[in-house]
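Asker: Protein sequences, first through last, are from chains A and B.
Residues in the first sequence are numbered from 0 upward in steps of one, following numbering that gives the first Met the number 0.
Residues in the second sequence are numbered from 0 upward in steps of one, following numbering that gives the first Met the number 0.
Simulated from the structure, these hints should not be mistaken for laboratory data.
In this text, a Cβ means the ideal position worked out from N, Cα and C, and glycines have one as well.
Wrong hints could be hidden among the right ones.
[Claimed, not checked] Mimicking DSSO-like on lysine-lysine, the simulated pairs with C-alpha atoms at most 30 Å apart in a straight line are:
1) A:Lys248 <-> A:Lys192
2) B:Lys149 <-> B:Lys325
3) A:Lys192 <-> B:Lys71
4) A:Lys71 <-> B:Lys71
5) B:Lys149 <-> A:Lys192
6) A:Lys234 <-> B:Lys192
7) B:Lys71 <-> A:Lys186
8) A:Lys149 <-> B:Lys149
9) A:Lys192 <-> B:Lys248
10) B:Lys199 <-> B:Lys234
11) A:Lys38 <-> A:Lys71
12) A:Lys77 <-> A:Lys38
13) B:Lys149 <-> A:Lys234
14) A:Lys199 <-> A:Lys89
15) A:Lys166 <-> A:Lys89
16) A:Lys48 <-> A:Lys71
17) A:Lys248 <-> B:Lys248
18) B:Lys234 <-> A:Lys234
19) B:Lys71 <-> A:Lys199
20) B:Lys234 <-> B:Lys71
21) B:Lys199 <-> A:Lys149
22) B:Lys192 <-> A:Lys71
23) A:Lys324 <-> A:Lys77
24) A:Lys192 <-> A:Lys166
25) B:Lys192 <-> A:Lys149
[As the list claims (entries may be wrong)] Computed beta-carbon distance windows for the label pairs:
26) B:Leu111 <-> A:Thr68: 43 to 53 Å
27) A:Lys71 <-> B:Ala200: 46 to 56 Å
28) A:Met65 <-> B:Glu184: 15 to 25 Å
29) A:Glu147 <-> B:Lys248: 54 to 64 Å
30) B:Asn133 <-> A:Ser298: 22 to 32 Å
31) B:Lys42 <-> A:Gly202: 53 to 63 Å
32) B:Glu329 <-> A:Ser185: 33 to 43 Å
Each chain is listed here by its residues.
There are 2 protein chains.
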Amino acid sequence: MRILLDGMGGDFAPHEIVKGAVQAAAETDAEITIIGDEKAIRKELKKNKYKGDQISVVHASEQITMHDTPVKAIREKKDSSLVKGLNMLKDGSGDLFISAGNTGALIVGARLILGRIRGIDRPALASIYPDMENRRPGLLVDAGASAESKAQNLLEYGLMGSIFIEKVWKRENPRVGLVNLGAEESKGTSVTKDAYQRLKASGLNFVGNVEARDVANGVCDVIVCDGFVGNVILKLTEGVCMTIFSLVKQAIMENFKSKIGGVFLKSQLGKLRSDFDYEEYGGAPVLGVNGPVMKMHGSSTATAVKNAILRGIPYAEEDVVGIIKKEMLEMDTIDEE
Amino acid sequence: MRILLDGMGGDFAPHEIVKGAVQAAAETDAEITIIGDEKAIRKELKKNKYKGDQISVVHASEQITMHDTPVKAIREKKDSSLVKGLNMLKDGSGDLFISAGNTGALIVGARLILGRIRGIDRPALASIYPDMENRRPGLLVDAGASAESKAQNLLEYGLMGSIFIEKVWKRENPRVGLVNLGAEESKGTSVTKDAYQRLKASGLNFVGNVEARDVANGVCDVIVCDGFVGNVILKLTEGVCMTIFSLVKQAIMENFKSKIGGVFLKSQLGKLRSDFDYEEYGGAPVLGVNGPVMKMHGSSTATAVKNAILRGIPYAEEDVVGIIKKEMLEMDTIDEE
Numbered sequence: 000m001r002i003l004l005d006g007m008g009g010d011f012a013p014h015e016i017v018k019g020a021v022q023a024a025a026e027t028d029a030e031i032t033i034i035g036d037e038k039a040i041r042k043e044l045k046k047n048k049y050k051g052d053q054i055s056v057v058h059a060s061e062q063i064t065m066h067d068t069p070v071k072a073i074r075e076k077k078d079s080s081l082v083k084g085l086n087m088l089k090d091g092s093g094d095l096f097i098s099a100g101n102t103g104a105l106i107v108g109a110r111l112i113l114g115r116i117r118g119i120d121r122p123a124l125a126s127i128y129p130d131m132e133n134r135r136p137g138l139l140v141d142a143g144a145s146a147e148s149k150a151q152n153l154l155e156y157g158l159m160g161s162i163f164i165e166k167v168w169k170r171e172n173p174r175v176g177l178v179n180l181g182a183e184e185s186k187g188t189s190v191t192k193d194a195y196q197r198l199k200a201s202g203l204n205f206v207g208n209v210e211a212r213d214v215a216n217g218v219c220d221v222i223v224c225d226g227f228v229g230n231v232i233l234k235l236t237e238g239v240c241m242t243i244f245s246l247v248k249q250a251i252m253e254n255f256k257s258k259i260g261g262v263f264l265k266s267q268l269g270k271l272r273s274d275f276d277y278e279e280y281g282g283a284p285v286l287g288v289n290g291p292v293m294k295m296h297g298s299s300t301a302t303a304v305k306n307a308i309l310r311g312i313p314y315a316e317e318d319v320v321g322i323i324k325k326e327m328l329e330m331d332t333i334d335e336e
Numbered sequence: 000m001r002i003l004l005d006g007m008g009g010d011f012a013p014h015e016i017v018k019g020a021v022q023a024a025a026e027t028d029a030e031i032t033i034i035g036d037e038k039a040i041r042k043e044l045k046k047n048k049y050k051g052d053q054i055s056v057v058h059a060s061e062q063i064t065m066h067d068t069p070v071k072a073i074r075e076k077k078d079s080s081l082v083k084g085l086n087m088l089k090d091g092s093g094d095l096f097i098s099a100g101n102t103g104a105l106i107v108g109a110r111l112i113l114g115r116i117r118g119i120d121r122p123a124l125a126s127i128y129p130d131m132e133n134r135r136p137g138l139l140v141d142a143g144a145s146a147e148s149k150a151q152n153l154l155e156y157g158l159m160g161s162i163f164i165e166k167v168w169k170r171e172n173p174r175v176g177l178v179n180l181g182a183e184e185s186k187g188t189s190v191t192k193d194a195y196q197r198l199k200a201s202g203l204n205f206v207g208n209v210e211a212r213d214v215a216n217g218v219c220d221v222i223v224c225d226g227f228v229g230n231v232i233l234k235l236t237e238g239v240c241m242t243i244f245s246l247v248k249q250a251i252m253e254n255f256k257s258k259i260g261g262v263f264l265k266s267q268l269g270k271l272r273s274d275f276d277y278e279e280y281g282g283a284p285v286l287g288v289n290g291p292v293m294k295m296h297g298s299s300t301a302t303a304v305k306n307a308i309l310r311g312i313p314y315a316e317e318d319v320v321g322i323i324k325k326e327m328l329e330m331d332t333i334d335e336e
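Working from the sequences, and respecting the hints, build out all of it.
Answerer: Here it is as structure tokens:
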């Protein structure tokens, strides 16, 4: 297993990226190639007292920042860690590419450099969504790769998400739910109604429409929606959680009695927060492109990087991309589009 | 001021509805007409020891339930409290109609019986959205009257919501925000991009795109989005809040120390919950129809009913519908559609 790691992507690159790679190397025998500013990366390796030969460095002279426009960045920054990493994945110099960099650039780069899987109209960005009820991750597809989706796209999101969860998270027969206005199949827009019928006929473990209210409650493993709605779900969940935690904190500080209560409760609340911590889950896949690509959160710390590497390995090892390709070929013969 | 109150709508009708009317009558000199099963309503009035002449009852022999299909219910249940109330509003027997009944039927009924305001393509259902940061309500439009919206609809939602907040909640120059994928005006779908330009040119206090993350943080007073996204925002907020509160409760019960902490914290957390209680806000308007109509939550208790009546009065008194009509006439002359 050869991991390609973008050493320059994310808010805390390269130091947290390198530190996470060193931590991961202690727990897996996968080879890790860090791509980026060689001098800076070697300095970080030294800081972390890394002396093994599991981690290697490939120099990239450029860097795509969060402010770069995706298409322009991919076209112009040919020697960036992101473009170089994707090219290395394409030419077989690695099995899995992981980046905490510019999300738009990663999706555009993956599409342009690796290409779409035959039959997949639009690659999707998946995102971990906390299933608070069961305290385990769910997978939301699409998290914002496309703002608008056709019914066929939604079907593809369900299929790809399902394969990923089964193979990477080893969860059998993942339940696929379609975000919609109500449970009845007659609900929603023309697109969601059409998608409902396609998902129902797909052979996937389709549990039907799910309302946004139940999304955090573990009613399904794959949460299917267009990228606009996916973006709303992810950002709103984050916003509401942050607001509530800050209000609980304020409530705790209100008076002496509640302050004492707060001290006692602190460890429990802390535990609660860590249950929903994206760091534990590591990263989420870009689905529908010709190669396994993982996106980490922009503010990934070493722990997140380590977990993304360790949890990402089966994405390549189980050949998720190959399985999606095969399924799309089969679907092609019955596709009506 | 003559309030028309649907006595049969909602989970706790008629008892909580009548009780709320009695409570409201003690705080306003508005006349309140409760429409519904006369015998049942009079029994409730008696139970509440009501002896005044501010509340009157108009009998309606039928009732629209939550299971009724909206269009069919409006067409067939002509003597339902909902249809009768809307007809009374139309013929001038009252100034404001308030119902906790079947939302779909209320919207369809308002559209069919009162008619749309000239120039308004689609009436919208507004919903109170808790601005947790400032601990006051915001108004989300559309909360689900239409699953899909055109750019012009979104502009109209912004306009109507802004007028409502200014006149009913007495908040000057309300800030209108458009739910979108990012702050930049180039973000989003073709519809949101178009809506951005229309809102920008509208003369409203348009603060631009708002991300779902900031929706609960008081970045705007009117949250503009299509009904699908509005439904997702409302239900997801509810779901995430409920899940977190139940998890905090579990955390409190975990061990002895945290239990003690929980006792101390309980009053603070209780206060926090009440800040977001829809009961305090009462109801939200159906906008774009020829008459002031308010929707209460289906599980409204007496307090919610009382607040809906008291807080709803300016909706009629300030002639919000008349102002929207006037604005639409003016817009008509510059409208490019």
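Asker: If a hint holds in the structure, say so; if it doesn't, say that too.
Answerer: Verification of the hints:
1. A:Lys248 <-> A:Lys192: Since the Cα atoms of A:Lys248 and A:Lys192 sit roughly 43 Å apart, the hinted pair is violated (cutoff 30 Å).
2. B:Lys149 <-> B:Lys325: holds (22 Å)
3. A:Lys192 <-> B:Lys71: holds (21 Å)
4. A:Lys71 <-> B:Lys71: Outside the cut-off at roughly 54 Å; violated.
5. B:Lys149 <-> A:Lys192: holds (19 Å)
6. A:Lys234 <-> B:Lys192: Satisfied, since the Cα-Cα distance of roughly 20 Å is no more than 30 Å.
7. B:Lys71 <-> A:Lys186: holds (17 Å)
8. A:Lys149 <-> B:Lys149: holds (17 Å)
9. A:Lys192 <-> B:Lys248: violated (38 Å)
10. B:Lys199 <-> B:Lys234: Status holds; Cα separation ~29 Å.
11. A:Lys38 <-> A:Lys71: holds (26 Å)
12. A:Lys77 <-> A:Lys38: This hinted pair holds, its Cα atoms lying about 19 Å apart.
13. B:Lys149 <-> A:Lys234: Measuring from Cα to Cα gives roughly 24 Å; hence the hint holds.
14. A:Lys199 <-> A:Lys89: Cα-Cα ~35 Å, so violated.
15. A:Lys166 <-> A:Lys89: holds (22 Å)
16. A:Lys48 <-> A:Lys71: violated (38 Å)
17. A:Lys248 <-> B:Lys248: holds (15 Å)
18. B:Lys234 <-> A:Lys234: Holds. B:Lys234 to A:Lys234 sits at ~14 Å (cutoff 30 Å).
19. B:Lys71 <-> A:Lys199: holds (28 Å)
20. B:Lys234 <-> B:Lys71: holds (26 Å)
21. B:Lys199 <-> A:Lys149: holds (29 Å)
22. B:Lys192 <-> A:Lys71: Distance of about 21 Å is within 30 Å: holds.
23. A:Lys324 <-> A:Lys77: holds (28 Å)
24. A:Lys192 <-> A:Lys166: Holds, at roughly 29 Å.
25. B:Lys192 <-> A:Lys149: With Cα atoms ~19 Å apart, B:Lys192 and A:Lys149 stay inside 30 Å; holds.
26. B:Leu111 <-> A:Thr68: 43 to 53 Å: For B:Leu111 and A:Thr68 the Cβ distance comes to about 49 Å; the hint holds.
27. A:Lys71 <-> B:Ala200: 46 to 56 Å: violated (29 Å)
28. A:Met65 <-> B:Glu184: 15 to 25 Å: This hint holds: roughly 19 Å between Cβ atoms.
29. A:Glu147 <-> B:Lys248: 54 to 64 Å: violated (40 Å)
30. B:Asn133 <-> A:Ser298: 22 to 32 Å: holds (27 Å)
31. B:Lys42 <-> A:Gly202: 53 to 63 Å: Cβ of B:Lys42 to Cβ of A:Gly202: about 56 Å, so the range 53 to 63 Å holds.
32. B:Glu329 <-> A:Ser185: 33 to 43 Å: holds (39 Å)
Consistency note: the structure conflicts with the earlier hints numbered 1, 4, 9, 14, 16, 27, 29.
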